[in-house]
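Asker: Read top to bottom, the protein sequences are chains A and B. Numbering-wise (the working numbering), the first sequence opens with residue 1 and increments by one. Numbering-wise (the working numbering), the second sequence opens with residue 1 and increments by one.
I should point out that these hints are in silico values taken from the structure, not numbers from a laboratory. Fair warning: this is a prediction, and the values are worked out from it, not measured in the lab. Accuracy of the hints is not assured; some may be wrong.
[What the hints assert, rightly or not] Cut-off 20 Å, straight-line C-alpha distance, at most; resulting in silico cross-link-like pairs (SDA-like, lysine to any residue): (1) Lys-53/A <-> Val-92/A; (2) Lys-175/A <-> Gly-250/B; (3) Lys-120/A <-> Gly-205/B; (4) Lys-220/A <-> Glu-43/A; (5) Lys-59/A <-> Ser-284/B; (6) Lys-103/A <-> Val-204/B; (7) Lys-120/A <-> Asp-131/B.
[To be verified] From the structure, some residues in chain A lie toward chain B, with a derived Cβ separation under 8 Å: (8) Glu-65; (9) Pro-89; (10) Asp-91; (11) Val-92; (12) Lys-117; (13) Arg-118; (14) Arg-121; (15) Ser-123; (16) Pro-130; (17) Asn-259.
C-beta: ideal position from N, C-alpha, C; glycine also.
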Amino acid sequence: MKPIKQIIIAMSLVIFLAGTVAYAQSAEEKGLDIAKKANKADEGFLSSEVDLKMILRNKQGQQSERFLQNKTFELIEDGDKSMIIFNSPKDVEGTATLTFTHKDGPDDQWLYLPAIKRVKRISSSNKSGPFMGSEFAYEDLSSDEVEKYTYKFLEKTTVGSESALAVEQYPVDPKSGYKKRIAYYNDTKGYRLEKIEFFDRKGSPLKTLTYSGYKQYLDKHWRADKFLMVNHQTGKETELFFENYTFKTGLAEADFSQNALIRAGR
Amino acid sequence: MILTVFISIKAGLAQDKITPDFQLELQIENRHFLKEGLYPGQERNFFSLSARPELEWEWDDGDKGIKVSLFGRWDQHDDRRTHFDIRELYYQQVNGNLEFSVGLKKIFWGVTESVHLVDIINQTDQVESFDGEQKLGQPMAHMSYLSSFGTFDFFYLPYARKRQFPSSEGRLRFPVAVERDDLVIDSRNEEWRPSGAFKWSHYVGLLDVGVSYFHGVGREPLFLDLQSEAPGLFYPIIHQAGLELQATTGPVLWKVESIYRHADVQDFTALVAGFEYTFGNVKSSGIDIGLIGEYLYDERDELAISSFANDIFTGVRLAFNDVQSTEFLAGAIFDLEESTKVYSVETSRRIGSSWKAEVEARIFEEVAQEEFLYFFREDSFIRFSVSKFF
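Please build the complete structure, drawing on both the sequences and the hints.
Answerer: In structure tokens, the structure reads:
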């Protein structure tokens, strides 16, 4: 380690300690701090690809399946770029979306319709609607940028056998379908999410998302194998399984263009 | 060039990294016309079957690939609608920002919903779709270059394809059942008269823009007198400049498409401009309601294969976002000068996991004698289809 780096670390430690001693961090500051740490802990994957399987289940237990593919390109200054490609149901095979997430303002989004080979710029303001008839809303599946919420730390607790920090999150975008979310960050395992509770615009409990089957990739990035979203108001649930995770896959920014979107749905 | 493509394919096939993908759609369809035909020999009810197989090979992480997409239909009465086409058959290669394809391909240009003015690369499959969204495969060499100033597309189109028209038993035809080969291309090379096209498209923030230029064989035939025994239809050599604009502001999409087309016998501009407003997830029901309004202007008078000279299109789109992906689109085109009205409904719903049902209706009301649509004034129809996907 270079001496200059040591000095910087020492200085920041001093400032940090002085800060904690000088004044107690407010709940809002602590909440934001946790979200930033979680974001920082996952930085550096560059790009990732994963196969998804979605199982939709209604109250009567009737099932319906969807297969998707997701590609993500990490950006630090602005939000990530991502592509979702639909493989099933067969009648929508080849349909694909391209999203440029922004830290401020609305995301840019394009939809590819393979039957008529049309790329359509679509509005990203409709984020609260269901994704493919599932219990996941579009906003639940978009890249979690720190700037998209304001925060309030609640308590240190546990989820199952895991230690967790409960943080209230208030969406900045008024178009969000939620008044708030309570996210449970695991402070002992890279601030990975263990659970999120969603509250509708009136503040009533709406859904719970539980993460399970966590694996650590490249000694750094925690990814769950399974998301379970339960809607308490309708009794419906959606399971989302992740398979074949790969990181630093050599994807370039050109792989997230409209041409690439057409090729993905070819 | 062909040799390098061939070597590349061979090298790809030699590796076991090739991922083949097969899709197939089989469909049964019934089109029912609400009234008897105007012209002798026309039938009222048409049962038909169609198949759409697709095959795709990819290798080198998807940087190289071959796509084949075929279409065939058998129609109970209309032996011109009984047809087969190679929609796509091309090799594609990607090198970073450069994409190169050669073969039969389909390219869509445009942003609006009611008409597709700018869209010109492919010939319309006239017997297949009333709205012109089904196209014939177009032979081409296509190069696309991605830069920080937008995307540049270059097309070399060595061969022009003519439209197929319904047979005398068919509907949505002229008084004389026009044969495809009765129409000539205004060039001594006929179909082998090459065409070329260029497009620049870019996106900055909420704005998407496209500027295009096409020179070669016009895709729309011109007619001199359709009432006569010799209608004198031909495909002119044209120059066409096109503009596409879309601004995406919150729930509203603002759209403009415009063309200027020049031929020896014709010179005109056409424009369509409008908006699409989406009320997303209405009352947390999951349902999206979209309202569409577009104004259509076309300078052409009697030479137009289009009836939308000064018209308004209004439409409602419902997306239920349910497990069965239920969708519904209803629209109406009103002529601002004449009495003509065209109503349309398109709706679809998945059944189980691999079936899909569709209903389409087109209703023509009070079609004015001055309009091109006057030939089809008795041809209001309802189409019902069920597809199975493999």
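Asker: Each hint should be assessed against the structure and marked as holding or not.
Answerer: Okay, the hints, checked on the actual structure:
1. Lys-53/A <-> Val-92/A: Distance of about 15 Å is within 20 Å: holds.
2. Lys-175/A <-> Gly-250/B: holds (10 Å)
3. Lys-120/A <-> Gly-205/B: Measuring from Cα to Cα gives roughly 15 Å; hence the hint holds.
4. Lys-220/A <-> Glu-43/A: Answer holds: Lys-220/A to Glu-43/A is near 9 Å, not above 20 Å.
5. Lys-59/A <-> Ser-284/B: Answer holds: Lys-59/A to Ser-284/B is near 18 Å, not above 20 Å.
6. Lys-103/A <-> Val-204/B: holds (16 Å)
7. Lys-120/A <-> Asp-131/B: holds (18 Å)
8. Glu-65: holds (7 Å)
9. Pro-89: holds (5 Å)
10. Asp-91: holds (5 Å)
11. Val-92: At 7 Å from the nearest chain B Cβ, Val-92/A passes the 8 Å test, so the hint holds.
12. Lys-117: holds (4 Å)
13. Arg-118: Holds - the Cβ of Arg-118/A comes within 8 Å of chain B, reaching about 5 Å at its closest.
14. Arg-121: Holds, about 5 Å.
15. Ser-123: At 5 Å from the nearest chain B Cβ, Ser-123/A passes the 8 Å test, so the hint holds.
16. Pro-130: With a closest approach of 5 Å, the Pro-130/A hint holds.
17. Asn-259: holds (5 Å)
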